[in-house]
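Visitor: Going down the list, the sequences are from chains S and Z.
Here the first sequence is numbered in our numbering, starting from 1 and rising by one per residue.
Here the second sequence is numbered in our numbering, starting from 1 and rising by one per residue.
Simulated from the structure, these hints should not be mistaken for laboratory data.
Please note that the accuracy of each hint is not assured.
[Unchecked claim] Label-pair ranges, simulated between beta-carbon atoms:
#, chain 1, residue 1, chain 2, residue 2, range
1, Z, Gly257, S, Lys118, 43 to 51 Å
2, Z, Ala186, S, Ile84, 40 to 48 Å
3, S, Ile331, Z, Asp25, 20 to 28 Å
4, Z, His343, S, Lys118, 54 to 62 Å
5, Z, Pro334, S, Asn56, 32 to 40 Å
6, Z, Asp258, S, Gly58, 35 to 43 Å
7, S, Asn56, Z, Gly83, 52 to 60 Å
8, Z, Asp258, S, Ile331, 50 to 58 Å
9, Z, Ser402, S, Gly244, 43 to 51 Å
10, S, Trp383, Z, Ile385, 38 to 46 Å
11, Z, Gln172, S, Leu380, 24 to 32 Å
[As the list claims (entries may be wrong)] Below, in silico cross-link-like pairs of lysine-lysine (DSSO-like), each with a Cα-Cα straight-line distance of 27 Å or less:
#, chain 1, residue 1, chain 2, residue 2
12, Z, Lys323, S, Lys98
13, Z, Lys64, Z, Lys41
14, S, Lys96, Z, Lys323
Here a beta-carbon is modelled for each residue, glycine too, at the ideal position from N, C-alpha and C.
These are the residues of each chain, in order.
2 protein chains.
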Amino acid sequence: MSRDIQIGLLGSGTVGTGVLQIIRDHQKDLAHQVGSGIQVKKVLVRDMNKYQDIENAGELLTDKVEDILQDDDIKVVIEVMGGIDEAKDYIIRALKNKKNVVTANKDLIALHGAELVKIASENSCDLFYEASVAGGIPIIRGLTEGLSSDRISQMMGIVNGTTNYILTKMSQDGRAYDDVLAEAQALGFAESDPTSDVEGLDAARKMAILASLGFSMDVELEDVDVRGITTVTIDDIKYAEQMGYALKLIGLAKRDGDRIELTVQPMLLPAKHPLSSVHDEYNAVYVYGDAIGETMFYGPGAGSLPTATAVVSDLVTVVKNMKLGVSGRSIVPPLYHKQMKTHDEVQSKYFIRLHVKDQTGTFAALTSVFAKENVSFEKLMQWPIEHQIAEVAVITHTTTKSVYERIFAELEKMDVVVAVKSSYRVEGGNAE
Amino acid sequence: MSRDIQIGLLGSGTVGTGVLQIIRDHQKDLAHQVGSGIQVKKVLVRDMNKYQDIENAGELLTDKVEDILQDDDIKVVIEVMGGIDEAKDYIIRALKNKKNVVTANKDLIALHGAELVKIASENSCDLFYEASVAGGIPIIRGLTEGLSSDRISQMMGIVNGTTNYILTKMSQDGRAYDDVLAEAQALGFAESDPTSDVEGLDAARKMAILASLGFSMDVELEDVDVRGITTVTIDDIKYAEQMGYALKLIGLAKRDGDRIELTVQPMLLPAKHPLSSVHDEYNAVYVYGDAIGETMFYGPGAGSLPTATAVVSDLVTVVKNMKLGVSGRSIVPPLYHKQMKTHDEVQSKYFIRLHVKDQTGTFAALTSVFAKENVSFEKLMQWPIEHQIAEVAVITHTTTKSVYERIFAELEKMDVVVAVKSSYRVEGGNAE
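Can you make the complete structure from the sequences, with help from the hints?
Guide: This is how it looks when you write it as structure tokens:
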């Protein structure tokens, strides 16, 4: 057994604490796998006074990043501090000082992943970021190793635990969005500023990372068409369920030939679809490959120990690569040039819910709008809701985004349409 | 781009055909990843005449294994011929000739995996077998890499597609075992001799492989306590469902402290458990780790292309390792000494279904048998079925296998018990 591998940890929040715990509790198993002990030499914290009751605090803690970046004994830097600019600066300096890096920072990787990977490669260092997508679920290895021989054509992910928790509670308890959000915040499942989660931005970052790897192209965050869950109502969920569907916030990355589309939005999935059974704060990524067909990775998408599992598993690979002398050599640059689909190429079914005047001719007028565009219905429901107003919910057969946008605009202008209440994409096949 | 990597393929059945197809169809993506082309130089077949209409048959095919094992240009041997003795002999000779090996052979790995891995290591060759468990699902990488930092405490697998298909159809269509088995054979989902599948032996082999890796110990096939699905009835499935459970053939590997248990048997799982939604011929492995909590890998457990995906993904890793000069160096020997639990240590809930005499005192007599052993009921149903006979179904709270065996023996002897119809373990928590 050779000398302990020395680690520097940037950040000591939720994930950092989990990393320290796993390295301590699983030391024997880790040492067996990598052939030497693993020791955290320094932890960068913002406020030294906060941690004075930790054992060894004086030796272990520092508020000067140079104590880690300039320490030649430290061979691996784990970045779990979050944020963009400072974290990026530290990671680049660590790589340039020939330190391997493991990060859990999805914001940073989604925005600057390609640049950082290039710097890692130039410095013969590893840069791994399994924890940046779907917490403990080993989806990045799944794509880059387990399915490395296949051609991935589609990925559908429930990759944000907060929004999945909110939608689950809305569906199960029949409670309104604001109500469930407030509860989630009280329980610590949602941030006090939940914007990044509920507006779909967090999921978009993860989908950009997955699409880059799964499609082997440089996908950027702005390629993702994003819509959050803030306008989802109980009615939408209940009507979807009556029609055999579940309403979920889905990150969708689709490839047809050389062209891709990328979106995060609330979608209807058939109730029997495996993603529809992913409840509460759990995450799952459904992957379609040409050869394998469909496969799914399921697990906890956040939390201290689950996320730390992914970080420390990356660390195991980093240390193994160090011992084999192959650090920085597993990087595969993108093979394909990114080409986004136009609205004429994006194909989908759609759900739309309308309030219409409950009078003769309404239905004929509505259906003629769809018929004019050659779009037929898979399912249709109509029932009266109040004086002279009826509610209509429709699921169309597959059409293009351009055609649907024309239909939508037309419906909004119609005299007989009192209000377009909601509209969602429908993916994952037909309901029973 | 350097010279093509030359492959020898042993076997040209279902999986072999898939391997050839993926290497051909995904050549560009594969070459990009590994840095050179991949070419199948020779395919070992039993009967040359069967394949004469294949392009290049004369050059590509051989019925002499030496054409592969003695060819110095061939650096990787893929074994997809199946069987034990011959395949083992060929693999050992390939490894001794410094050829890396990828195999899909679960029977061989379950029986001789440790020996073969040792020979691979001694010859600085890789030996990978992702395809041996759960077809295309990258579960072996999941355990050995994605969850490498965690301590796995439990694995529950639906790892045999044939039996899962049969149980799904029995449940959905209310049809008898024999009837569904005959249909599955006609459709090609079941072998003409289905023994290995329906008796649980195939699943046992896969669980032995998973337990060896997940628990880092040398688990052998005979450590697995096996019971198949041949005696499962529609009634069992229906009563389980009424009590909130699904009946599935589950491979269970459990570790408590230093002691493990390993079994394959039909079990009841709560209907909301993620494994309960795994239908038809699909496979899934549910993994519990101390740090990650629960995670699941889902996908096609068999089939030409899905299984070939796992084989060729292994091939990608083999070729990458060759180029990095680290072949045979990823092998981690077992860390722990295997210790099996005794029947006093195996804990579980149980379902038991009885036909009893419908007379005063029966119920009191039954419950006293359980009460004497301090075993209480989670759920209980009783209803009359024919003249003076009632059916009783019970789900117990957790007890040990020893205690349950005593209760079972006692019940079988009782006057008021006409017949013990069935008995199953209940795992995965409580039903709602």
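Visitor: When you take the CB atoms of aspartate 258 (chain Z) and isoleucine 331 (chain S), is the distance between them in 50 to 58 Å?
Guide: Since the Cβ atoms of aspartate 258 (chain Z) and isoleucine 331 (chain S) sit about 40 Å apart, the hinted range of 50 to 58 Å is violated.
Visitor: Does 38 to 46 Å hold as the CB distance between tryptophan 383 (chain S) and isoleucine 385 (chain Z), or does it fail?
Guide: Because 44 Å falls inside the window, the suggested range holds.
Visitor: 40 to 48 Å was suggested as the range; check whether the CB atoms of alanine 186 (chain Z) and isoleucine 84 (chain S) agree with it.
Guide: violated (60 Å)
Visitor: Measuring from beta carbon to beta carbon, are isoleucine 331 (chain S) and aspartate 25 (chain Z) in 20 to 28 Å?
Guide: Given a distance of about 25 Å, which is inside 20 to 28 Å, the answer is holds.
Visitor: Could you check the hint for me, namely that aspartate 258 (chain Z) and glycine 58 (chain S) are 35 to 43 Å apart, CB to CB?
Guide: holds (37 Å)
Visitor: That 52 to 60 Å hint for asparagine 56 (chain S) and glycine 83 (chain Z) (C-beta), does it hold up?
Guide: For glycine 83 (chain Z) against asparagine 56 (chain S), whose Cβ atoms are near 57 Å apart, the range 52 to 60 Å holds.
Visitor: Range hint 32 to 40 Å: satisfied by the CB atoms of proline 334 (chain Z) and asparagine 56 (chain S)?
Guide: holds (33 Å)
Visitor: Below or equal to 27 Å on CA atoms is what counts here, so check lysine 96 (chain S) against lysine 323 (chain Z).
Guide: holds (25 Å)
Visitor: CA of lysine 64 (chain Z) to CA of lysine 41 (chain Z), is that 27 Å or under?
Guide: holds (14 Å)
Visitor: Does the Cβ-Cβ separation between glutamine 172 (chain Z) and leucine 380 (chain S) fall within 24 to 32 Å?
Guide: holds (28 Å)
Visitor: Given a hinted range of 54 to 62 Å, is it respected by the beta-carbon distance of histidine 343 (chain Z) and lysine 118 (chain S)?
Guide: Holds: the Cβ-Cβ distance is about 59 Å, inside 54 to 62 Å.
Visitor: Honestly, do serine 402 (chain Z) and glycine 244 (chain S) meet the 43 to 51 Å range at C-beta?
Guide: holds (47 Å)
The earlier numbered hints that this structure contradicts are 2 and 8.
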